[in-house]
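Asks: UniProt numbering puts the first residue of the sequence shown at 1, with every later residue one more than the last.
Keep in mind the hints are simulated off the structure, nothing from the lab. Just so you know, these numbers come straight off a predicted model, no measurement behind them. Please note: incorrect hints may appear among the correct ones.
Unchecked claim - In the DSSO-like style, the derived pairs of lysine-lysine whose C-alpha atoms are separated by at most 30 angstroms in a straight line are: (1) Lys179 with Lys36; (2) Lys179 with Lys84; (3) Lys84 with Lys103; (4) Lys224 with Lys103; (5) Lys109 with Lys20.
To be verified - Pair by pair, the computed Cβ-Cβ distance ranges are: (6) Gly3 with Leu76: 31 to 41 angstroms; (7) Leu132 with Ser32: 26 to 36 angstroms; (8) Lys36 with Ser198: 36 to 46 angstroms; (9) Gly184 with Pro63: 14 to 24 angstroms; (10) Thr193 with Lys36: 36 to 46 angstroms; (11) Lys109 with Phe47: 24 to 34 angstroms; (12) Asp195 with Leu30: 37 to 47 angstroms; (13) Tyr58 with Thr24: 43 to 53 angstroms; (14) Trp80 with Leu223: 24 to 34 angstroms.
Yeah, the Cβ is synthetic: ideal placement off N, Cα and C, and Gly gets one too.
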Amino acid sequence: MIGILVELLISWILLRLLEKQNLTAIGIELSSQRLKYIGVGLLLPIFYYSILFMVLSYVGKNPYYLSNNYTLANFLEAAWYVFKSVAFETLIFQGALLYLLIKHFGTTKAILISAILFGIYHWFSWNLFGQLSAMIITFLTTGIMGYVWALAFDKSKSIYLPFALHLGSNFTSMVLFSKDKNIGQQLFIQTYTADPYSPGTIISILLLLCYYIGFPLLLFLYLKKIHYSIEMDKNFTTTN
Numbered sequence: 001m002i003g004i005l006v007e008l009l010i011s012w013i014l015l016r017l018l019e020k021q022n023l024t025a026i027g028i029e030l031s032s033q034r035l036k037y038i039g040v041g042l043l044l045p046i047f048y049y050s051i052l053f054m055v056l057s058y059v060g061k062n063p064y065y066l067s068n069n070y071t072l073a074n075f076l077e078a079a080w081y082v083f084k085s086v087a088f089e090t091l092i093f094q095g096a097l098l099y100l101l102i103k104h105f106g107t108t109k110a111i112l113i114s115a116i117l118f119g120i121y122h123w124f125s126w127n128l129f130g131q132l133s134a135m136i137i138t139f140l141t142t143g144i145m146g147y148v149w150a151l152a153f154d155k156s157k158s159i160y161l162p163f164a165l166h167l168g169s170n171f172t173s174m175v176l177f178s179k180d181k182n183i184g185q186q187l188f189i190q191t192y193t194a195d196p197y198s199p200g201t202i203i204s205i206l207l208l209l210c211y212y213i214g215f216p217l218l219l220f221l222y223l224k225k226i227h228y229s230i231e232m233d234k235n236f237t238t239t240n
């Protein structure tokens, strides 16, 4: 949590020194639009990945079951861990730095730079150096998501949408479906360590595309419909 507070302070200093702005430049003030972004941003990945993981378990004949020893304390601890890690990454890659990059290099270059940095960052956070294939795959997959998170910031003019989308994604995979070794088994656990059944090549490819490409494509379609309105935010602030 201290790290997040330090990030906020550094963000404020950078915005103040370079653009004579404060944290409102990254859209931290709540509004009716931003509350909607938070809601959609959380629910969209939860629904998508929940359906996807259930389909994958069905196809692989590896059903999920509810962890018998799982407690509310376990859930809250895991959720808090995910919240902090997502907030930390969002403030670095979809916050003040991205805002400044957009101002100085334009939207297209800024989003691409943010995505590249996001992919490289995961080499360090996942300690992948020396594992060439893992580094390439990680760079591509996390880079794609980093691009989408950055695009979400630009379209919504707020840090809340990329944060909510990222949080919903990680919460679903890590807390609901136990897909992260760092926090161990959580709410739902698969019966077998490895799927006992492997579908045909075509089905496997389709499922891989859904896993790595499907959600980013869905977000692109959603983000194309976003039209941020400052006036709506002003009206919300005035009436509240």
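Asks: Does each hint hold? Answer for all of them.
Replies: Status of the hints after comparison with the structure:
{"no.": "1", "hint": "Lys179 with Lys36", "verdict": "28 angstroms, holds"}
{"no.": "2", "hint": "Lys179 with Lys84", "verdict": "18 angstroms, holds"}
{"no.": "3", "hint": "Lys84 with Lys103", "verdict": "28 angstroms, holds"}
{"no.": "4", "hint": "Lys224 with Lys103", "verdict": "21 angstroms, holds"}
{"no.": "5", "hint": "Lys109 with Lys20", "verdict": "23 angstroms, holds"}
{"no.": "6", "hint": "Gly3 with Leu76: 31 to 41 angstroms", "verdict": "20 angstroms, violated"}
{"no.": "7", "hint": "Leu132 with Ser32: 26 to 36 angstroms", "verdict": "48 angstroms, violated"}
{"no.": "8", "hint": "Lys36 with Ser198: 36 to 46 angstroms", "verdict": "41 angstroms, holds"}
{"no.": "9", "hint": "Gly184 with Pro63: 14 to 24 angstroms", "verdict": "20 angstroms, holds"}
{"no.": "10", "hint": "Thr193 with Lys36: 36 to 46 angstroms", "verdict": "40 angstroms, holds"}
{"no.": "11", "hint": "Lys109 with Phe47: 24 to 34 angstroms", "verdict": "33 angstroms, holds"}
{"no.": "12", "hint": "Asp195 with Leu30: 37 to 47 angstroms", "verdict": "43 angstroms, holds"}
{"no.": "13", "hint": "Tyr58 with Thr24: 43 to 53 angstroms", "verdict": "46 angstroms, holds"}
{"no.": "14", "hint": "Trp80 with Leu223: 24 to 34 angstroms", "verdict": "28 angstroms, holds"}
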